[in-house]
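Q: Each protein sequence line maps, in turn, to chains A and B.
Under numbering that gives the first Met the number 0, the first residue of the first sequence is numbered 0, with each subsequent residue one higher.
Under numbering that gives the first Met the number 0, the first residue of the second sequence is numbered 0, with each subsequent residue one higher.
Hints may contain errors.
Claimed, not checked - Derived EDC-like pairs (lysine to aspartate or glutamate); straight-line CA-CA distance at most 20 Å:
no., chain 1, residue 1, chain 2, residue 2
1, B, K214, A, D124
2, B, K320, B, E344
3, B, K294, B, D304
4, B, K364, B, E392
5, B, K263, B, E344
6, B, K142, B, E53
7, B, K162, B, D62
8, B, K214, A, D173
9, B, K401, B, D449
10, B, K162, B, E146
11, B, K324, B, E344
12, A, K301, B, E53
13, B, K214, A, D29
14, A, K301, B, D130
15, B, K324, B, E241
I should point out that these hints are in silico values taken from the structure, not numbers from a laboratory.
Below, each chain spelled out in residue letters.
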Amino acid sequence: MNLFGADARAWLARAAALLRGARLSRDWPDPRVLAEHLMAMALPVERGLWDALAVVPATGLPPWTAWQQILSERDGAERVLAHLADGATLAAEAHRSPAHARLADRHAHLTTLCAARLAPAEALDVVRLRAPAEAGAPARAVFDKLDAAAGFVRLTVDLVQGEAAEPLVRPEGDGLVATPALRGLLYRSSALDAELVFLQLAAREGVTVERVVRATVGPVWLAGILWPSDLLGPPPADGGIAGFGLQTAAVDLPHGRVDDPLAPSVGADALAERQAARARLGYAVHHDRRLVATPSAVAAAKAWCQAAGTRNVVRVGR
Amino acid sequence: MSQDFTVDDALADLVQQFADPFACLRELIQNSLDAGSPQVDVNVLWADGVVTLEVQDYGGGMDRQIIEQRLTRLFSSGKDGDLTKIGRFGIGFVSVFALQPDAVVVDTGRLGESWRVLFKRDRSFVRLALDEPLDGTCVRIMKALPEAELPALRARAREAVVKWCRFVDAEITVDGERIDRAFELADAPLQVCGQVGEQDVRVGYGEPWAGFYNKGLTLYEGPPDDSAPAQVRFAISGRNLEHTLTRDAVVHDAAWAQGMAEVKRLAAGPLVARWVQALRDREPAAFELLAGWPKGLSLPDAVRDAPAFTLAGGERRAVAKVQGKAVLRSTRADGLARVMAADGETVYVVEAPAQASALARWAEKATDVADGWLYRGDPPAAASYSALARAVEALLGARGAKLAAVHPVAYESPRDTARLPVIAAPAGATWAARSGATLLGQGFFDRRRDVWINVGHPAVQALLAVAEQAPEFAAYGLVKLFELDRDDARLATDLALFEAATKG
Chain A
0 MNLFGADARA WLARAAALLR GARLSRDWPD PRVLAEHLMA MALPVERGLW DALAVVPATG
60 LPPWTAWQQI LSERDGAERV LAHLADGATL AAEAHRSPAH ARLADRHAHL TTLCAARLAP
120 AEALDVVRLR APAEAGAPAR AVFDKLDAAA GFVRLTVDLV QGEAAEPLVR PEGDGLVATP
180 ALRGLLYRSS ALDAELVFLQ LAAREGVTVE RVVRATVGPV WLAGILWPSD LLGPPPADGG
240 IAGFGLQTAA VDLPHGRVDD PLAPSVGADA LAERQAARAR LGYAVHHDRR LVATPSAVAA
300 AKAWCQAAGT RNVVRVGR
Chain B
0 MSQDFTVDDA LADLVQQFAD PFACLRELIQ NSLDAGSPQV DVNVLWADGV VTLEVQDYGG
60 GMDRQIIEQR LTRLFSSGKD GDLTKIGRFG IGFVSVFALQ PDAVVVDTGR LGESWRVLFK
120 RDRSFVRLAL DEPLDGTCVR IMKALPEAEL PALRARAREA VVKWCRFVDA EITVDGERID
180 RAFELADAPL QVCGQVGEQD VRVGYGEPWA GFYNKGLTLY EGPPDDSAPA QVRFAISGRN
240 LEHTLTRDAV VHDAAWAQGM AEVKRLAAGP LVARWVQALR DREPAAFELL AGWPKGLSLP
300 DAVRDAPAFT LAGGERRAVA KVQGKAVLRS TRADGLARVM AADGETVYVV EAPAQASALA
360 RWAEKATDVA DGWLYRGDPP AAASYSALAR AVEALLGARG AKLAAVHPVA YESPRDTARL
420 PVIAAPAGAT WAARSGATLL GQGFFDRRRD VWINVGHPAV QALLAVAEQA PEFAAYGLVK
480 LFELDRDDAR LATDLALFEA ATKG
């Protein structure tokens, strides 16, 4: 669906408020940065620099192209601003014609972008997890990706790299760095669930996987815009709910558990294969989803989780 | 379901080793950061005679296994060996008992489990399963406290959090006020930074001081040890730095040695170069540093020989050229300083207070030229002063003074322009400013001298108007002022009377 003008700004403000209220751990991309990134879309769509703002039903957020467009505009913002008059001059001239007004709006938009914190479309950071005395290279990789289908995804992987012809990490100085093999694997796996990522990593030569955490942002449901009444009942006035998925596949989990009312169902054959892998590799899987709801939507969120048989933190947002 | 346990009595001795009981806030925040929380909120609450110190995080939380194996057991931290975490000894949480609380409540959740652990005063605890799902961990330390003591406790709590946690890479709030900030070396306007391995090192000049941090968490702040370079402050942040068990010192291991070696390298090279450049660029901090440099401590050679002080002609002189000498200084590169320089005097221009202080620190004596020197500027149009000048010449001549001529003149030394209406002086462009009475002799061997009427003086301007009607009276007034010594209190009185009489 598409939003226009002031409606788009209002929707963005409501969605950003829910993101800011999330208070998530570092397993997720920083939701406050995402909120800032989101609000950077308000001015261009409200002032007509963008034709419209699309909302993807699966995530309840703008499509990756909108997020990426903000990043691209920021990359060129300083260069463009250097060729424009200052903001006050442009604002004073804005009344002269639509073209003048558009130039003033563009200046304001780019100036905002220069000061905004934006979420990267892709980032990979690797640190040594434990002292080098241990055999192999114990590493933690944190991979952020703006995925075309899943939106913002963060994969956090703890592994030990042993001898291998094509390792995933290699020593550099006192630390460790990612090899192209790790970057490629994580890039291709961002749309997979944590367990499948775990299995892909475990299949690599010399790799012992300890933990894979996959965190996602969304869906964001707002009454009047996108509200799944079949799940949540009738939309409360100004109600909103944001979900933040968290899948953990780890060898130190005492037991597996599903606490995500949106957890994908797995077919019987696939489930049997996974259970065999869990037994063989000694890991368990937990599906969780944190929720932030406006006060008017808290009851609906809790009722939904209860009906799904899951235990979920429902934080009260604005 | 509930179970009772007793925490090992050995904790008591260990807990008492924390010099500041409020250091428990640091331990709790450290635990929160290790749990992956990007934000920690510390609140001091009071109700019904009980104060609650609350530390809320949004990290991974604890399940039953973690509670039993790590939270409540000494020396069983699951962090041991994990380089992504700061804590090592598993004693962080038990430090809350240094506050001698009446109760400690820990609410936490993980993997669908939610728990409340209630510690009693004797450190025994009860673990309760909660119905409501939780994430993160909230620790509440509760203690009976009169309301009057609340402000002091609140201040101490805030002070402890700022001291230990201000540089952590997370949002830290105390009673809603955000206290975290970017890693920095304070009170060192001139500083350089370096990176060695995973350590961020900052070195600057100032009162000797050292700070060591692990992922921004303060390990130690205070005087450096004897191996540190003199007159240097430094801060090292690295996740490989370790604190001692009691958290009051840094372990002197290979990581510490690595950081100290970088401090010495920066202090010996880049920091000196930074100071030299700052002197070249006339940065106030460079001169403040010179001014405050301790007596008996030699300057780095490159600084001593760097162009520091500016002469009236624009040339720069090094500290080494000034050291131990008597010098003249001017607060601005005005005509006086320029002319004195042209006359062969060495005058340093100190346009900023820091430069003046630095010159005073290194020269044996620095005399301000404005205290004793004047500069005769371009002469004003003589015609308008001719009646007054002739009358003055006549009056002084009648008194037998050995007078050459009377000239109008504009002086450029602001202080004396206001103080002396008439000056007798030698013919040179600059001279020690004195009133004319002691210079105009009457004896046979006395030399004839010129007298200069300071046209910038308000009294002269007033007399000029009088001279149009009564030049003799105007000359009388001027010579009277001339006869009074500049330091004579009567000069001020006479000027005031004169001003009142001629007003209007």
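Q: Now, for every hint given, state plainly whether the structure supports it.
A: Results of checking the hints against the structure:
no.	hint	result
1	B:K214 with A:D124	holds, 16 Å
2	B:K320 with B:E344	holds, 15 Å
3	B:K294 with B:D304	holds, 18 Å
4	B:K364 with B:E392	violated, 41 Å
5	B:K263 with B:E344	violated, 42 Å
6	B:K142 with B:E53	holds, 12 Å
7	B:K162 with B:D62	violated, 31 Å
8	B:K214 with A:D173	holds, 16 Å
9	B:K401 with B:D449	holds, 9 Å
10	B:K162 with B:E146	violated, 25 Å
11	B:K324 with B:E344	holds, 14 Å
12	A:K301 with B:E53	violated, 26 Å
13	B:K214 with A:D29	holds, 18 Å
14	A:K301 with B:D130	holds, 13 Å
15	B:K324 with B:E241	violated, 50 Å
Hints 4, 5, 7, 10, 12 and 15 from the earlier list are contradicted by this structure; the remaining hints agree with it.
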